[in-house]
Amino acid sequence: MSKLLAAPLTERAAWETLGRVLDPEVPVLSVVELGIVRELDVQSGKVCVTVTPTYSGCPATEVIRDAIVVALQQAGAEEVVVHTRLSPPWTTDWIAPEAGEKLRRYGIAPPHLAGQALASQPLRFHPRDLQCPRCDSTHTEQLSAFGSTACKSLYRCLDCCEPFEYFKPL
Amino acid sequence: MSTATTSVPTTTQAKALALAYVLRIGDACLIHGQRLAEWCGHAPVLEEDIALTNIALDHIGQTRLVLTLAGRLEGRGRDEDALAYLRGEHEFRNPTMLELPNGDFGRTVLRAYLWSAYMGVLWQALTTSSNADLAAIAAKSLKECRYHQRHAADWVVRLGDGTDESHRRVSTALNDLWPYCAEWFAADEVDEAAAATGLGPSWQSLAPAWQAIVLPLLNNAGLTPPEDTPFRSTGMQGRHSEHMGYLLAEMQSLARAFPGAVW
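Sequence order for the protein chains is A and B. Under our numbering, the first sequence has 80 at position 80, and the numbering climbs by one with no breaks. Under our numbering, the second sequence has 154 at position 154, and the numbering climbs by one with no breaks.
No lab work stands behind these hints: they were computed from the structure. Backbone N, C-alpha and C define an ideal beta-carbon position, used for all residues, glycine too. Certain hints may be false.
Label pairs and their in silico Cβ distance ranges [what the hints assert, rightly or not]: (1) A/Gln73 with B/Ala249: 39 to 45 Å; (2) B/Cys40 with A/Glu62: 18 to 24 Å; (3) B/Thr234 with A/Leu143: 40 to 46 Å; (4) B/Asp154 with A/Pro163: 15 to 21 Å; (5) A/Asp136 with B/Gly162: 31 to 37 Å; (6) B/Asn220 with A/Ser87: 33 to 39 Å; (7) A/Asp159 with B/Asn220: 29 to 35 Å; (8) B/Glu227 with A/Glu62: 45 to 51 Å; (9) A/Pro88 with B/Arg232: 37 to 43 Å; (10) B/Thr234 with A/Glu79: 47 to 53 Å; (11) B/Ala82 with A/Val81: 23 to 29 Å.
Full structure from sequences and hints, please.
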């Protein structure tokens with residue numbers, strides 16, 4: 001389709017577009033739901049996106065940046081600039097509550113279930129009463145402090161015997 | 001990187017001191033990350049393989065941010081890759097302890113504990129750095145560091161207060177590694193300049209806070225650090241142990257064999 005005929009990309013359309021860009025490692029959450037898109041500025045075809053990365057070493061960071069550029073270009077943006085902002089640092093508190101429910105249905109215990117800010121947890125102990133995302137039992141134990149990605153640890157439900165991942169509060 | 005304002009020192013001498021201070025942090029993250037990554041595929045159990053490499057990955061991520069900042073402070077156009085892969089041994093400023101060979105699993109987690117407990121204190125203090133970029137990196141890294149410290153602390157207690165064999169091994173490691181911690185707290189002009197300009201705390205000033213964390217945990221683990229000795233390692237001055245050259249040879253081999261390689 002000719003670009004001359006297409007309506008210019010609106011800010012609302014840009015947000016909706018980013019709402020369909022999924023995190024490659026947690027493919028039920030969009031980059032918006034994950035809370036890493038901090039600002040969006042749309043001006044006559046040029047889109048500036050400000051992103052705050054999750055973990056310093058997260059290998060998905062660059063994949064996500066490319067996916068954002070491609071999605072916005074396909075939605076009609078003529079130019080896309082992605083800025084990285086480190087401060088304030090990303091926190092799991094920025095994951096929307098309804099996104100936490102999506103995580104749970106996907107089989108990952110969301111960070112909100114722990115209910116306590118990281119700084120107020122005793123440093124030596126791991127959460128023990130996590131709710132199993134499959135059967136809701138809190139009779140669970142940690143298998144591994146680190147999981148398939150830096151943001152998760154591995155747990156097991158002692159009632160339904162299923163392993164599950166826990167999105168660690170950060 | 002953030003676009004926040006960054007205070008750049010003006011005189012050559014001040015610039016060199018600030019650069020050395022930032023390189024100490026970035027190189028420490030890089031070299032410890034490299035050592036931890038050596039466990040990939042070799043840890044005693046799969047869970048620990050994943051844990052050690054995840055921690056290594058956090059370290060490499062922190063390295064990228066800190067070395068990028070160092071390159072900007074230096075102002076000679078060197079980026080994170082040039083600083084990591086194309087510097088010679090004497091230009092690295094990491095504390096010597098981090099370049100020592102891993103040894104067994106107990107030694108590795110003990111070192112990770114001693115260092116992450118220190119980094120927790122250091123990152124916390126750096127959150128108020130006069131350099132806005134460094135402060136932002138610190139606030140971010142502090143959160144990751146807490147998980148490293150927690151995991152390593154679990155293992156130090158488990159091994160120290162475990163079987164006779166595990167106690168013997170981790171106790172030997174503590175006797176070997178402890179003298180290398182003294183280097184962190186030996187003040188010099190780099191340290192003093194950073195404290196004076198507000199770039200970061202004098203590392204020497206952090207010793208009491210570090211000891212207040214580490215000594216009770218070692219006590220819980222049934223471990224006693226050895227008496228202090230006059231020995232001072234000198235990695236932070238760019239004079240490294242005999243192990244550093246081998247580490248760099250492996251880490252830098254690809255970048256040096258294929259200059260400018262991307263993938």
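>> Could you work out which of the previously given hints the structure breaks and list their numbers from low to high?
In response: none
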